[in-house]
Amino acid sequence: MTLRRRLSDVLYVRPLLLLSLLLIPPLLWLGIIYLGSLFNLMLYSFYSLNDFTGQVEYRFSLSAFQQLFSSSANVDIVVRTTLMALVVTLACIAIGFPIAYYIAFYTKGNARTFWYLMVLLPLWSSYLIKVYAWRLILAGEGVVSWFFNLLGLGWLLQGILSVPVVGGPSLSNSYLGMFLVFTYIWLPYMILPIITALERVPKSLIQASSDLGARPGQTFRKIIWPLVIPGVAAGSIFTFSLTLGDYIIPQVVGQPGFFIGQMVYVQQGTAGNLPLAAAFSVVPVVIIAIYLLIVRRMGAFNAL
Amino acid sequence: MPGKPSLGLRIAFYLGMLFLHFPIAIIVLYALTTEDRTYQFPPPGLTLRWFGEAFQRQDMWAALWLSLQVAAMATGIALVLGTMVAAAMYRFQFLGKDFITVLLILPIALPGILTGIALLTTFKRLALEPSFWTIVIGHATFCIVTVYNNVVARFRRTGYSQIEASMDLGADWFATWRFVVLPSIATALLAGGMLSFALSFDEVIVTTFTAADQKTLPIWFLNELFRPRERPITNVVAVFVMLITFLPIVLAQWLTRDTDDLHGGGKTG
Numbered sequence: 001m002t003l004r005r006r007l008s009d010v011l012y013v014r015p016l017l018l019l020s021l022l023l024i025p026p027l028l029w030l031g032i033i034y035l036g037s038l039f040n041l042m043l044y045s046f047y048s049l050n051d052f053t054g055q056v057e058y059r060f061s062l063s064a065f066q067q068l069f070s071s072s073a074n075v076d077i078v079v080r081t082t083l084m085a086l087v088v089t090l091a092c093i094a095i096g097f098p099i100a101y102y103i104a105f106y107t108k109g110n111a112r113t114f115w116y117l118m119v120l121l122p123l124w125s126s127y128l129i130k131v132y133a134w135r136l137i138l139a140g141e142g143v144v145s146w147f148f149n150l151l152g153l154g155w156l157l158q159g160i161l162s163v164p165v166v167g168g169p170s171l172s173n174s175y176l177g178m179f180l181v182f183t184y185i186w187l188p189y190m191i192l193p194i195i196t197a198l199e200r201v202p203k204s205l206i207q208a209s210s211d212l213g214a215r216p217g218q219t220f221r222k223i224i225w226p227l228v229i230p231g232v233a234a235g236s237i238f239t240f241s242l243t244l245g246d247y248i249i250p251q252v253v254g255q256p257g258f259f260i261g262q263m264v265y266v267q268q269g270t271a272g273n274l275p276l277a278a279a280f281s282v283v284p285v286v287i288i289a290i291y292l293l294i295v296r297r298m299g300a301f302n303a304l
Numbered sequence: 305m306p307g308k309p310s311l312g313l314r315i316a317f318y319l320g321m322l323f324l325h326f327p328i329a330i331i332v333l334y335a336l337t338t339e340d341r342t343y344q345f346p347p348p349g350l351t352l353r354w355f356g357e358a359f360q361r362q363d364m365w366a367a368l369w370l371s372l373q374v375a376a377m378a379t380g381i382a383l384v385l386g387t388m389v390a391a392a393m394y395r396f397q398f399l400g401k402d403f404i405t406v407l408l409i410l411p412i413a414l415p416g417i418l419t420g421i422a423l424l425t426t427f428k429r430l431a432l433e434p435s436f437w438t439i440v441i442g443h444a445t446f447c448i449v450t451v452y453n454n455v456v457a458r459f460r461r462t463g464y465s466q467i468e469a470s471m472d473l474g475a476d477w478f479a480t481w482r483f484v485v486l487p488s489i490a491t492a493l494l495a496g497g498m499l500s501f502a503l504s505f506d507e508v509i510v511t512t513f514t515a516a517d518q519k520t521l522p523i524w525f526l527n528e529l530f531r532p533r534e535r536p537i538t539n540v541v542a543v544f545v546m547l548i549t550f551l552p553i554v555l556a557q558w559l560t561r562d563t564d565d566l567h568g569g570g571k572t573g
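Protein chains in written order, with the working numbering: chain A, 1 to 304; chain B, 305 to 573.
Derived by calculation from the structure, the hints in this document are not laboratory data. It cannot be assumed that every hint is accurate.
Claimed, not checked - Cβ-to-Cβ under 10 Å is the rule here; a few derived chain A residues that face chain B:
#1 Ile-24
#2 Pro-98
#3 Pro-122
#4 Lys-130
#5 Arg-135
#6 Ile-137
#7 Leu-161
#8 Val-163
#9 Pro-164
#10 Gly-167
#11 Ser-172
#12 Leu-176
#13 Phe-179
#14 Trp-225
#15 Ile-237
Said to hold, decoys possible - Calculated lysine to any residue pairs in the SDA-like style (CA-CA distance at most 25 Å, straight line):
#16 B:Lys-428 x A:Pro-25
#17 A:Lys-108 x A:Arg-297
#18 B:Lys-308 x A:Leu-227
#19 A:Lys-222 x B:Ala-316
#20 B:Lys-401 x A:Leu-23
#21 B:Lys-308 x A:Leu-205
#22 A:Lys-222 x B:Lys-308
#23 B:Lys-428 x A:Gln-66
#24 B:Lys-401 x A:Gln-66
#25 B:Lys-428 x A:Leu-23
Ideal Cβ placement from N, Cα and C applies to all residues, glycine included.
For reference, chain B alone in the conformation it holds in the complex (with noise of 0.2 Å):
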C-alpha cells in the first residue's frame, strides 16, 4: 500500500461515488419541478404543491398502512425465529449445521422471483387466497436471515461464561434469558429488526407473486411509474419513503458501531 492515493484511483473512486449517488439526488429534484407528464431536464420551474397532493391521496395512505402492518409483523415473526435459531447455531454443535447456514442464506441467494412463485405454486395448491398473510409468510421468509446475522455475530462476541455464571449463581433459564441474554442482544435484536422491517417495507418482487388485490407501498409505487400524469406525486412518495428507511439504517449503524455486527449487506431483490 502506497503512502497516498493515485490520481487516477481518486478519480475512479470519486466517479463512482457521484454515480452511486446521482439518480437519488435527480429523484428529489424531480419532486419539486411545475411540469408533471414529461421528464424534462432541467425542469422548468420549482414548486412545492406535489407535497400536498400527494399526502390527499387516500390510496397512498392506504398502501403506506398495509406496508407498515407488513413489516412489523414480518419482522416479529423474524425476530422470534432469527433469535431461536441463532441462540441454537451458537450454542451448540450438531449434525446438519452446514445444511441450515445454506437454509438461511437461500432466500437471499437466489433470485426473488424463484422465492415469489415457489410460495405462489403452493399457495395455489393448498388453495389458498392471497391475502395478507401470505404477504407476510413470503416477507417473513427472507427477513429472518437478516435478524439471524444480527444476532449470531453478538452471540459470538458475548462469551458463554457470562450464562454459566447466571446459572450457577442459582438463576434458572428463565432469569438468565430476561436479566443476561436479552440485555446483552437487544441492540443486535433492535438493529436486526429495523433492517428486517427496511427490507420487508422496501420488498416488490415476492410481493407481486404473493398479493391479490392489495397494494403495499412498493406495489402502489409500481403502478404509479406507469400513469401518464402527475408524475411528481410519485417523487414526493418516494422522498418521503427513502426518509422512512434510511432512518433505522443510521440507527441500526449507530447502535452496532465500533463492532462489526452490522449485517446489512444481504439485501437482495
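Bound conformation, chain A alone (with noise of 0.2 Å):
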C-alpha cells in the first residue's frame, strides 16, 4: 500500500483528523490573528500614554477612555458621527427601496440581470474613485452649481448652503454634501439585501390580498413591508456601520467637525497617542453592537 494510499484511509476512516486538517489553517489565521488583534486592540484602550516619553505604558489604566469623555469636542465627534450614520441610513431606505422594489417586482430575465448589475457595478467600482467623483460634482465650480445657474436658481443653492450646521461654503465643504456621499457610497448595500426580501414573498400572498379586496397601498402596507423588515434591517446593518467607521470622506468632502474615524487615524498617526485611539475605536463597536441588538430583533440575521 503506498502512503498516499494509506493516508487517505486514514482521513477516511477518521473524519475528525480531516476536520482538524481542513480547519486549523483557517482557524489560526481567522482566530489568531484577526481576533487576536482585536483583542489587543481592546488591550490598547485601557493603556495609557506617558506624557513625557511619548512612549505607551503596558499597565491597566482608564485614563484614554477619561480623556475621551472628557472633552465636550470629543462627545460631539461621537453624537456627530452617529447622527449621521442614522440619517445616512434613512435616506439609503428612502432612496434604495423604491429601485429594489422595481427591480425585484417588475423585472425578469436578461433585463433583471442586467439591471442587477448596474446595481452590483457602482458598488464595485473604486470607493476612492467614486468620492472624488462627489469632490468634482460638488465642488464650487461644479456639476451641481453648474445645473442650478442654469436654471436660474443659483440663489436657491445659496439659500440652501447659508442654512446653518447643513451649509458650508460649498457643498463640497458642508454636512450637506458628506451626507450625500456617504448615502451615494453606501446605498447598493441597502439595495442588495431589500432585493433579496422582497424576492421570498411569496406572490400567492400578494394575490390572496388583492382577491380579498386590499388596495394596493394596503397589500404594501399589511403584506409586503412586514415581511420585508428583515432585510431593510440587515441592509442598515451595513449603511450604519459603514459610516461610523469611514474617514476618508469626511475628509475629502468635509467641514472641520471631525468624525469618529477621522479621529481614530489622527491619534494614531500624527498625534502618536495609540491608546486614546484604541479607545475612540471601542466606541463604533458599543454602538453598533447595541444596533445590531436592535435589528436582530427585526429579524435581520435570516436576511445577511
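Join these two chains into a complex; the hints should help.
What follows is the structure in C-alpha cells.
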C-alpha cells in the first residue's frame, strides 16, 4: 500500500482528523491574527500614554477613556458621527427601496440580470474614485452649481448653503455634501438585501390580498412591508456601521468638525496616541453592538 | 403586485439609477478636460493628452505593480483558506460552527478602520515593521469570506453523494479531490478569486494602517487627490482602474450565471 493510499484511508476512517486538518489553518489565521488583533486593540484602550516619554505604558489604566469622555469636543464627535450614520441609513432606505422594489417585481430574465448588474457595478467600482467624483460634482465650480445656475436657481443653492449646521462655503465643504456622498457610497448595500427579501415574499400572498379586496397601498403596508423589514434591517447594518467607521469621506468632502474614524486616524498617526485611538475605536463597536441588538429583533440576521 | 409599475415608482427607480451612475460618467468626462487646476463644468475643451502623461508616470506604474502583487498574494491565501473552511463547514457538523460563521463575517461587518488599527497595534506590539507582508495579511483577512461564500454555496448545490460514489469506485481522497471536487467548484473558485482580487486591488482603509511607505494604487490615488495640478491624470488612472476591476466582476457574474452563487454583496469599505 502506498503512503498516499494509507494517508487517504486514515483520513476516511477518522473524519475528525480530516476536519481538524481543514479547520486549523483558517482558524489560526482568523482566530489568532484577526481576533487576536481585535483583542489586542481592546487592551490598548486600557493602556495609557506617558506624557513625558510619549511611550505607551503597558499597565491597566482608564486614562484613555477618561480623556475621551472628559472633553466635550470628543463627545460631540461621537454624537455627530452617530447622527450622520442614522440619517444616511434612513436616506438609503428611502432611495434604495423603490429601486429594489422595481427590480424585484417588475423586471425578469435578461433585463433583471442587467439591472442587478447595474446596482452591482457602482458597488464594485473603486471607493476612492467614487468619493473623488463627488468632489468634482459638488465643487463650487462643479456640475451641481452649474445646473442650478442654468435653471436660474443659483440663489436657491446659496440659500441652502447658508443654512447653519448643514451648509458651508460650498457643497463640497458642508455636512449636506458629506451626507450626499455617504448616501451614494453605501446605497447598493441597502438595495441588495432588500431585493433578496422582496424576492422571498410569496407571490400567492400578494394575490390573495388583492383577491380579498385590498387596495395596492393596503397590500403593501400590511403584507409586503412587514415581510421585507428583515431585509431593510440587514441593509441598515451595513450603511450604519460603514458610516460610523469611515474617515476618508469626511476628509475629502468635509467640514472642520471631526468624525470618529478621522479621530482614530489622527490619534494613531500624527498625534501618536495609540491608547486614545484604541479607545475611540471601541466607541463604534459599542454603538454597532447596541444597533445589532435592536435590529436582531427585526430578524435582520436571517436576511444577511 | 399590480400589473404595471406606477408612474411614481418608475420615476423613483430611474432617478435612483441615474444617481448611482452619474458620478461614474463624470469621472470619464473629467479625464478628457483641458482644464487641469479647477473642477470647472462644463469643461472648456476636450483632449486626450492626459492619457499619454498618465502612462509616463513611473510612480503610477510602481503603485499599480505593487497593488497587483498584493492582490495576487492575498487572493492566493484567501483561496486556500476559504476553500478549506468552506469544505469543513459543508461536510461536518461540529460544536462552535456558529462561532466560525460569525468569525468569517466579522472582518466585513465591522468597519475597515477597526481591522486596520487592530492589526496596527498588534504589529507594533510584536515589533513587526510594516511591509509588503503586513499589507497582504490585512487584505487576506477580509478576502477569505468572499471566497468562502462563493465556494460554500457551490458545495451546497453539489451533493455529497458524488464524493461517496467516487470513493466507492476506488478513488482515494486525493483523486476524488482532483477529479470530482475541484472540477465542480472550479468556476466558484474563479469567481470568488476574482472578487477577492478586485476587493484587495481597491482597498484603502486597512492599507493605510498596515503600509509604511509602500504605495498601493489606491494610496497613490489618495495622495494625488490633494495635488493642486494635473488633476485629469488622476481621472485617467481612475478610468483605468475601473476597467481593471469591472472586467473581473462582469466575468465573475457570467461564470456563475444561472446560479445564485455570486456573493458580491459582502464588499465593504
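Here is how each hint holds up against the structure:
no.: 1; hint: Ile-24; in the structure: holds, 9 Å
no.: 2; hint: Pro-98; in the structure: holds, 4 Å
no.: 3; hint: Pro-122; in the structure: holds, 5 Å
no.: 4; hint: Lys-130; in the structure: holds, 6 Å
no.: 5; hint: Arg-135; in the structure: holds, 7 Å
no.: 6; hint: Ile-137; in the structure: holds, 6 Å
no.: 7; hint: Leu-161; in the structure: violated, 17 Å
no.: 8; hint: Val-163; in the structure: violated, 22 Å
no.: 9; hint: Pro-164; in the structure: violated, 26 Å
no.: 10; hint: Gly-167; in the structure: violated, 19 Å
no.: 11; hint: Ser-172; in the structure: holds, 9 Å
no.: 12; hint: Leu-176; in the structure: violated, 15 Å
no.: 13; hint: Phe-179; in the structure: violated, 13 Å
no.: 14; hint: Trp-225; in the structure: violated, 14 Å
no.: 15; hint: Ile-237; in the structure: holds, 7 Å
no.: 16; hint: B:Lys-428 x A:Pro-25; in the structure: holds, 24 Å
no.: 17; hint: A:Lys-108 x A:Arg-297; in the structure: violated, 32 Å
no.: 18; hint: B:Lys-308 x A:Leu-227; in the structure: holds, 21 Å
no.: 19; hint: A:Lys-222 x B:Ala-316; in the structure: holds, 22 Å
no.: 20; hint: B:Lys-401 x A:Leu-23; in the structure: holds, 11 Å
no.: 21; hint: B:Lys-308 x A:Leu-205; in the structure: holds, 18 Å
no.: 22; hint: A:Lys-222 x B:Lys-308; in the structure: holds, 20 Å
no.: 23; hint: B:Lys-428 x A:Gln-66; in the structure: holds, 24 Å
no.: 24; hint: B:Lys-401 x A:Gln-66; in the structure: violated, 38 Å
no.: 25; hint: B:Lys-428 x A:Leu-23; in the structure: violated, 28 Å
In the structure shown, a violation is registered for the earlier hints numbered 7, 8, 9, 10, 12, 13, 14, 17, 24, 25, in ascending order.
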